[in-house]
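Please work from the sequences and hints to get the whole structure.
Using my numbering, read the sequence shown as starting at 1369 and increasing by one per residue.
In short, the hints are calculated from the structure, not lab data.
Any given hint could turn out to be false.
[As the list claims (entries may be wrong)] Quick list of the computed label-pair ranges, beta carbon to beta carbon:
#1 Glu1872 to Arg1800: 18 to 26 Å
#2 Ala1910 to Leu1845: 15 to 23 Å
#3 Tyr1780 to Pro1624: 32 to 40 Å
#4 Ala1910 to Gln1751: 23 to 31 Å
#5 Pro1624 to Asn1440: 30 to 38 Å
#6 Asp1607 to Glu1385: 21 to 29 Å
Everything numeric in this text was worked out from a predicted model, so none of it was measured.
A virtual CB, placed ideally from N, CA and C, is assigned to each residue, including glycine.
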Amino acid sequence: MKSSLIRDEQLRLRALEQYEILDTPADSALDDISRLAAQICNTPAAAIGLLDTNRIWFKSHPDWETPELARNAFPGDETLQDANVYEIPDLSRNKRFGANGIAFGEATYRFYAGAPLTTPDGARIGLLCVLDTVPRALNDQQVEALEVLARQIVTRLELSTRMRSMDRASRTRQRVETALTVERNFVSAVLDTVGALVAVLDTAGRVVRFNRACEIISGYQVSDLIGQHLWEKLIPEEDIEDAIATFESIARGNFPTTFENFWQTRDGSMRHIAWSATALLDEQNEVAFIIATGIDVTLQREAEATLRESEARYRQLIEGSLGMVFTHAEDGTLISLNRYGAESLGYSIDEMVGKPLADFVPADEVDAVEAYLQAVCTSGEAQGELRLCHRNEEVRVLTYRNRLIETEGRPYYVLGFGVDITEKVRAEERLRALRRQSDSILASVGDGILGIDLAGTITVVNPAGAQILGYKPQDLLGRNLHETIHHTRVDGSPEPAEGSKIQEAVHLSEPVRVSDEIFWQKDGTHVPVDYVATPLLDEGEAVGVVVAFTDTTARRELDQMKDEFVSTVSHELRTPLTSLRAALGMVASGVLTSRPEKAQQMLDIAVGNTDRLINLVNDILELERIGSGKAELHQSNVSVGDLCHRAAELQQTSAAKAGIGFRFQAENVFAWADPDRILQLLTNLISNAIKFSPAESEIFLAATYEADGEVCVAVHDQGRGIPADKLDLIFERFQQVDASDSRAKGGTGLGLAICKSIVQQHGGEIWVESELGRGSTFYFTLPSRPSSNLR
1369 MKSSLIRDEQ
1379 LRLRALEQYE
1389 ILDTPADSAL
1399 DDISRLAAQI
1409 CNTPAAAIGL
1419 LDTNRIWFKS
1429 HPDWETPELA
1439 RNAFPGDETL
1449 QDANVYEIPD
1459 LSRNKRFGAN
1469 GIAFGEATYR
1479 FYAGAPLTTP
1489 DGARIGLLCV
1499 LDTVPRALND
1509 QQVEALEVLA
1519 RQIVTRLELS
1529 TRMRSMDRAS
1539 RTRQRVETAL
1549 TVERNFVSAV
1559 LDTVGALVAV
1569 LDTAGRVVRF
1579 NRACEIISGY
1589 QVSDLIGQHL
1599 WEKLIPEEDI
1609 EDAIATFESI
1619 ARGNFPTTFE
1629 NFWQTRDGSM
1639 RHIAWSATAL
1649 LDEQNEVAFI
1659 IATGIDVTLQ
1669 REAEATLRES
1679 EARYRQLIEG
1689 SLGMVFTHAE
1699 DGTLISLNRY
1709 GAESLGYSID
1719 EMVGKPLADF
1729 VPADEVDAVE
1739 AYLQAVCTSG
1749 EAQGELRLCH
1759 RNEEVRVLTY
1769 RNRLIETEGR
1779 PYYVLGFGVD
1789 ITEKVRAEER
1799 LRALRRQSDS
1809 ILASVGDGIL
1819 GIDLAGTITV
1829 VNPAGAQILG
1839 YKPQDLLGRN
1849 LHETIHHTRV
1859 DGSPEPAEGS
1869 KIQEAVHLSE
1879 PVRVSDEIFW
1889 QKDGTHVPVD
1899 YVATPLLDEG
1909 EAVGVVVAFT
1919 DTTARRELDQ
1929 MKDEFVSTVS
1939 HELRTPLTSL
1949 RAALGMVASG
1959 VLTSRPEKAQ
1969 QMLDIAVGNT
1979 DRLINLVNDI
1989 LELERIGSGK
1999 AELHQSNVSV
2009 GDLCHRAAEL
2019 QQTSAAKAGI
2029 GFRFQAENVF
2039 AWADPDRILQ
2049 LLTNLISNAI
2059 KFSPAESEIF
2069 LAATYEADGE
2079 VCVAVHDQGR
2089 GIPADKLDLI
2099 FERFQQVDAS
2109 DSRAKGGTGL
2119 GLAICKSIVQ
2129 QHGGEIWVES
2139 ELGRGSTFYF
2149 TLPSRPSSNL
2159 R
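Structural data, given as structure tokens:
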């Protein structure tokens, strides 16, 4: 590589010596080529430079006074490294030349393009370059023209060398005329080679030169136009006056200048031409000719018009959009915004453009904006939801999809489109609230609820329904209702799916009520139910069925209990009423008139049975009062020992008759309770203990504190005891250990049921422990302090 560079350098230096052009006077022909290059490339400066050992010598530099520069101060070496045009679009971005580019006098150039000057034997001796004060690039036609002019310069140098040789041999007129002919041919070749339009006019505006490109565009031959005014053939009639005025302005010295006009070609079509014109001056510095170079920009202008039309449609589309269309910089500063987007937030466009996006979001979501900006700049796009503040402080929700736009030579920006979904979000929130409310209602309903579609698939089930059927809710979803819970009748025969009452609800489009049916549980047992099948209608068409069912097991048990209760009450009422009627009947008949002692016995029987009826009615009413909540508690901190002593005192007469004594161990124990209710409770327990205790026995009453903040009270007797299978039943209504007890011992069978209700009302428990023949102990608990959980 190094030897190749040395060889090229030697070849170049030999060529320069051969041409004898270093340190020689300027060549006006080369100046013309420089001007033509500047004209064609539309630049303010052009130059022809030759590279010496350590300098670049400018053979043509019509726009500055500097004849030479150090070789490393100009991009000459880079230009000679390639056979093509070498361009530096922006010298300020090139580290070698720095931010100011290349400075000549007061001018600073930032654009450079150069074509190497290559001799026929391959030596690259110099360059033809154009410079501009702004960054830019040459188009293809300009690059081609620069390369052609570079070849013509070498041709010129070749000719100059030969001419000097000939001049040294003979300074004859023939040499001069030959050189002039060559130069004219050279100019003609240049004009016909370049792709740009080139027209040369004299000071009267008549055509002097008309290159091949002009012939192709206009459709006229140069012979058709030589000596005629350009506007006589090519300028449309309505534009002739402007064309003449432009020409006269250039002739008066207003050059260089640029302008555009239309050519009406030979076939009648219109071509849009962009011109750059200047004057060629004679030795007296007077305008000799006007040279104009042009480019056919018809397609470009049509494209620009189409682009403007497209931009107008695009703007109309944006302004007519029902969404927010906006752009912002990488730091979030709003660059543009459509009117709808600004007005949807209560602002004008001017009030929002130029401000950071973060200024329009809630204060607690500024960090989310930073995260969004980082995401869109990293990945190139982002989508999601953005919360923006309306001028009236209302928060609006936008769903957006934004993309980072990268354009060469311009800062990146983000193009965004957002749709206001505030009402949708609010509707969804209301829907979720309704759904939560619906789910809460379904979860709180004690009856079972099943939702099925037209195929019979279970789509909704509430917890109560799943529990009744022995499933978890998720285990029922997606299963066929008929195959899961309604497949078999109670007698074991199959239940057909078609024609079932549930299907009937769909066909009738009205609710169907069914009683005394069964549904099958997960464990294979069945549960008695009543259900209502209600069709779900959508615009009058059934889309499913809701089945609301009730487990009637408890109701049937209650009906049975009611029957038993009525039977028991009837028995309890009939027995004393029968005795009462018999006793009063005998007294009323007069048969006992002569037997007053027997009459008194009958009256005692009647009184006893009347008391029994009164006690029965009172006990039933008491149970009803407690069960309905009408018997309110009036709790206070009471001494359990005092209540035990008071209850024993109330039963002292009955105890004394039976020969039964009392023993207490309940001192210094206090409970949070209604003293009247607890006294009633203790009285009932002591009364029972007296009834079933033998003579000369003892009833023991005790109270202790429990670890869980409760007081446990015990009433122990030494009676006959209670069988194990009766321990849980004796607290139910009308339950007796022995059916004969109600007759032999008296009582209604409701005392222990009343005791149970009183204890439960206090939030406690009651139970009994017993051993046959050795007595029974009744326990109940009470709170030792107030609790918010008590009823």
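Can you list which hints this structure breaks, lowest number first? Structure breaks hints 1, 4 and 6.
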